[in-house]
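Keeping their order, the protein sequence lines are chains D and B.
Heads up: the first sequence begins at 533 in the working numbering, then just goes up one per residue.
Heads up: the second sequence begins at 2 in the working numbering, then just goes up one per residue.
Hints were generated in silico from the structure; no laboratory data involved.
Do not rely on the hints blindly, as some may be mistaken.
Unchecked claim - Pairs of lysine-lysine residues, derived as DSBU-like cross-links and limited to a Cα-Cα distance of at most 35 Å, are as follows:
id: 1; chain 1: D; residue 1: Lys721; chain 2: D; residue 2: Lys606
id: 2; chain 1: B; residue 1: Lys148; chain 2: D; residue 2: Lys617
id: 3; chain 1: B; residue 1: Lys103; chain 2: D; residue 2: Lys715
id: 4; chain 1: D; residue 1: Lys617; chain 2: D; residue 2: Lys587
id: 5; chain 1: B; residue 1: Lys148; chain 2: D; residue 2: Lys565
id: 6; chain 1: D; residue 1: Lys565; chain 2: B; residue 2: Lys46
id: 7; chain 1: D; residue 1: Lys606; chain 2: B; residue 2: Lys148
id: 8; chain 1: D; residue 1: Lys607; chain 2: D; residue 2: Lys739
id: 9; chain 1: B; residue 1: Lys103; chain 2: D; residue 2: Lys721
id: 10; chain 1: D; residue 1: Lys606; chain 2: B; residue 2: Lys122
id: 11; chain 1: D; residue 1: Lys783; chain 2: D; residue 2: Lys721
id: 12; chain 1: B; residue 1: Lys41; chain 2: D; residue 2: Lys606
id: 13; chain 1: D; residue 1: Lys606; chain 2: B; residue 2: Lys46
id: 14; chain 1: D; residue 1: Lys717; chain 2: B; residue 2: Lys148
id: 15; chain 1: D; residue 1: Lys783; chain 2: B; residue 2: Lys103
id: 16; chain 1: D; residue 1: Lys812; chain 2: D; residue 2: Lys739
id: 17; chain 1: D; residue 1: Lys551; chain 2: B; residue 2: Lys148
id: 18; chain 1: B; residue 1: Lys149; chain 2: D; residue 2: Lys565
id: 19; chain 1: D; residue 1: Lys638; chain 2: B; residue 2: Lys103
id: 20; chain 1: D; residue 1: Lys739; chain 2: B; residue 2: Lys103
id: 21; chain 1: D; residue 1: Lys717; chain 2: B; residue 2: Lys103
As the list claims (entries may be wrong) - One side of the interface only, derived from the structure: several residues of chain B facing chain D at Cβ under 8 Å:
id: 22; residue: Ala78
id: 23; residue: Gln79
id: 24; residue: Phe100
id: 25; residue: Tyr105
id: 26; residue: Ile130
id: 27; residue: Pro139
id: 28; residue: Leu163
Unchecked claim - What follows is a set of in silico ranges between Cβ atoms, one per label pair, in the way DEER data are often shown:
id: 29; chain 1: D; residue 1: Gln776; chain 2: B; residue 2: Phe100; range: 50 to 58 Å
id: 30; chain 1: B; residue 1: Leu180; chain 2: D; residue 2: Ser743; range: 44 to 52 Å
id: 31; chain 1: D; residue 1: Tyr603; chain 2: B; residue 2: Lys122; range: 50 to 58 Å
id: 32; chain 1: D; residue 1: Asp615; chain 2: B; residue 2: Asp36; range: 48 to 56 Å
id: 33; chain 1: B; residue 1: Asp36; chain 2: D; residue 2: Glu543; range: 49 to 57 Å
id: 34; chain 1: D; residue 1: Ile734; chain 2: B; residue 2: Arg33; range: 15 to 23 Å
id: 35; chain 1: B; residue 1: Leu180; chain 2: D; residue 2: Asn793; range: 43 to 51 Å
id: 36; chain 1: B; residue 1: Ile32; chain 2: D; residue 2: Met533; range: 45 to 53 Å
id: 37; chain 1: B; residue 1: Glu152; chain 2: D; residue 2: Asp589; range: 36 to 44 Å
id: 38; chain 1: D; residue 1: Gln688; chain 2: B; residue 2: Gln79; range: 27 to 35 Å
Where is the CB? At the ideal position from N, CA and C, for every residue including glycine.
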Amino acid sequence: MLAIIGTVPEEDFPVLFGKVKLINDFLYIEDRKVSIQRGTSALIASACKVFQSLKKDLPYAYLVGDTGKGYGSKKLYEFFVNDIKKRSFDTLTFHYLMPDADWCNKILLAIEELSVKPFLIADAGFMYAGKMSGNAESFDLFTPDPGELAFLADEQAPHPFYTRGFFLEDEGRVEEFIHRAYKFKNTAKYMLVKGRADYIVIDGKIKEIVSEPVIEALEPIGGTGDSITGIVSALIDSGYNPEQACVLASKINRLSGRLANPEPSSQISEIIRFIPSALKALLGLKDE
Amino acid sequence: MGILKKLFKSDKKGENLDRGILLFENTSEVIRAEDILKSKGFDIKVIGPPAHVRKGCDLAIEFPIVEAMGILNLLEAQKIEPIDCLPSGDGNLKPVDLFNIKDYGRFLMVRAANMKITVDKNSLTIVNISGGGCPDVPYLASVLVGKKFNEVPEPRQLGHTLCGYALQLAYDKIKELCLQS
């Protein structure tokens, strides 16, 4: 079972834990309705689409409102370190959360005390916290974009915006940055680098590069990185080995983009809608 | 926002890479700032500044670097202006005046650091915001996307983190480009 831990962009959204439902373009958790237009809810919706297509149970989520002040993230961290002791998830995906090295340490300690360690995935703010706190190797999968990869490669940088000038984001140097991120132990065992080409990496070795189809209009669309992290989380939790899951997630995300025929003004929900068609096409499953 | 820009251009050495230091004109300003920031729940502490950055007060405030934008906005609202804002650690940092600009015909995208903003050049409507990892990014997108420049506050008035600050830089650049054409 997968649990996703993240935030929604509302001030008055309390800490909630529960199994999610996806109905049209909205998630439902407990009694709250959340738009899937951006951030963690886009990630959850993408995971739901994969689970629905594979006829699996939908994931659980730990959610809280946070508009950037960090109060919500702290409440969620406090709740999670206690609640996780009662759970036995196979996969945990951490997402848009205020990067906080101390809380990252506490959460990893709580996870270490579990009888079986879940597969740990981090993206966005919690990936920053994982690196910032020196705990990157405690995670199983990071899903950076090329700018975040440059941040992982710069052993001095505590945030992507802090990345030193000579690490300027340059997709032509992705392979160099991958090697450097592993050299300084600033990334997870597996890495899915999300860019014009997607790189699937295990222990510093590039296993596959997925570069087709290229959909130029996807880059400006907020949430296309969140969707791929949601897809790969669901595939890993469904039993695909991490390397297969990363390759398949990359292809599903790209094909969903092509099927949506987007413009730079398209919204992520228009792409997420096509995940089932893309997944079925790639796996050779029949539409119902 | 000038003081924040300095944060990203320093080359001072030190420890605590996730922390920054605020320097003030006098001790009473440090104490006022400490009270205000603690009352809002920021994880700060008063420290003696390193000798090489001492500028007129023997106290400084150490703070979480990712929260720089929210902290400076809060102090500005209370009419307290630090005389400097520095990273605690090695800060040979990425220049923030480099932008990546992509023209899609009707749409223009500008990226600053890890944040991207895309605007419809005809209507001056913000159509997408992407990138980043701090929790104000989805919030900023929820407020700004679908709105014209003159219909919404700037990112700096809504954001709290380094991602929010990066978006402000991209916003300034794309607005300049759109209003020129």
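Hints and how they fare:
The suggested pairing of Lys721/D with Lys606/D holds, with an alpha-carbon distance near 27 Å, which does not exceed 35 Å. Annotation: proposed proximity of Lys148/B to Lys617/D is violated, straight-line Cα distance about 44 Å (limit 35 Å). Only pairs whose Cα atoms come within 35 Å are accepted, and Lys103/B paired with Lys715/D is accepted, the gap being roughly 33 Å. With a CA separation close to 28 Å, the supplied pair Lys617/D and Lys587/D stays within the 35 Å bound.
For the given pair, Lys148/B sits about 23 Å from Lys565/D by alpha-carbon distance, which is consistent with the 35 Å threshold. Our distance criterion of 35 Å between C-alpha atoms is broken by Lys565/D and Lys46/B, whose separation comes to about 39 Å. Taking the CA atoms of Lys606/D and Lys148/B, the gap is about 31 Å. The hint holds against a cut of 35 Å. For the given pair, Lys607/D sits about 39 Å from Lys739/D by alpha-carbon distance, which is inconsistent with the 35 Å threshold.
Our distance criterion of 35 Å between C-alpha atoms is met by Lys103/B and Lys721/D, whose separation comes to about 33 Å. With a C-alpha separation of about 39 Å, the suggested pair Lys606/D and Lys122/B falls outside the 35 Å cut-off, and the hint is violated. Of the pairs offered as hints, the one joining Lys783/D and Lys721/D holds, with about 21 Å between alpha carbons and a cut-off of 35 Å not exceeded. Proposed proximity of Lys41/B and Lys606/D is supported: the alpha carbons are some 13 Å apart, at most 35 Å.
The suggested pairing of Lys606/D with Lys46/B holds, with an alpha-carbon distance near 18 Å, which does not exceed 35 Å. Between Lys717/D and Lys148/B the CA atoms are separated by roughly 42 Å; this puts the pair beyond 35 Å, and the hint is violated. As the CA atoms of Lys783/D and Lys103/B are separated by approximately 24 Å, the hinted pair is consistent with the 35 Å bound. Between Lys812/D and Lys739/D, the direct Cα distance comes to roughly 24 Å. Compliance with the 35 Å bound is thereby established for this hinted pair.
The straight-line distance between the Cα atoms of Lys551/D and Lys148/B is roughly 34 Å, inside the 35 Å bound, and the hint therefore holds. A C-alpha spacing of about 27 Å is found between Lys149/B and Lys565/D, which places the hinted pair at or below 35 Å, so the restraint holds. Between Lys638/D and Lys103/B, the direct Cα distance comes to roughly 41 Å. Violation of the 35 Å bound is thereby established for this hinted pair. Taken as a hint, the Lys739/D and Lys103/B pair is honoured in the structure, with Cα atoms around 30 Å apart against an allowance of 35 Å.
Only pairs whose Cα atoms come within 35 Å are accepted, and Lys717/D paired with Lys103/B is accepted, the gap being roughly 34 Å. Taken as an interface hint, Ala78/B does not check out: its beta carbon lies about 14 Å from the nearest beta carbon of chain D, beyond 8 Å. Evaluation of the Gln79/B hint against chain D yields a violated restraint, the C-beta minimum of about 16 Å exceeding 8 Å. Annotation: Phe100/B was flagged as interfacial toward chain D, and the flag is violated, the nearest CB pair being 12 Å apart, outside 8 Å.
Among the interface hints, the one on Tyr105/B holds; its C-beta lies about 5 Å from the nearest C-beta in chain D, closer than the 8 Å criterion. The interface hint given for Ile130/B holds, since its Cβ lies 5 Å from the closest Cβ of chain D, which is under the 8 Å cut-off. Given hint, Pro139/B at the interface with chain D, holds; its Cβ is 3 Å from that chain's nearest Cβ, closer than 8 Å. With its C-beta approaching chain D no nearer than about 4 Å, Leu163/B sits inside the 8 Å limit, and its interface hint holds.
Take Gln776/D and Phe100/B: their Cβ atoms lie about 38 Å apart, and the range 50 to 58 Å is violated. A hinted range of 44 to 52 Å for the beta carbons of Leu180/B and Ser743/D is inconsistent with their spacing of about 36 Å. Distance hint for Tyr603/D and Lys122/B: a CB-CB separation of about 38 Å, inconsistent with the stated range 50 to 58 Å. The supplied range of 48 to 56 Å is broken by Asp615/D and Asp36/B, whose beta-carbon atoms lie about 34 Å from each other.
Separated by about 24 Å at the C-beta atoms, Asp36/B and Glu543/D break the suggested range of 49 to 57 Å. Remark: the range hint 15 to 23 Å for Ile734/D to Arg33/B is contradicted by a beta-carbon distance near 52 Å. At about 31 Å, the CB distance of Leu180/B to Asn793/D disagrees with the hint of 43 to 51 Å. At about 50 Å, the CB distance of Ile32/B to Met533/D agrees with the hint of 45 to 53 Å.
Roughly 42 Å separates the CB atoms of Glu152/B and Asp589/D, a value that falls within the hinted 36 to 44 Å. In this structure the hint that Gln688/D and Gln79/B lie 27 to 35 Å apart at CB holds, the actual value being about 32 Å.
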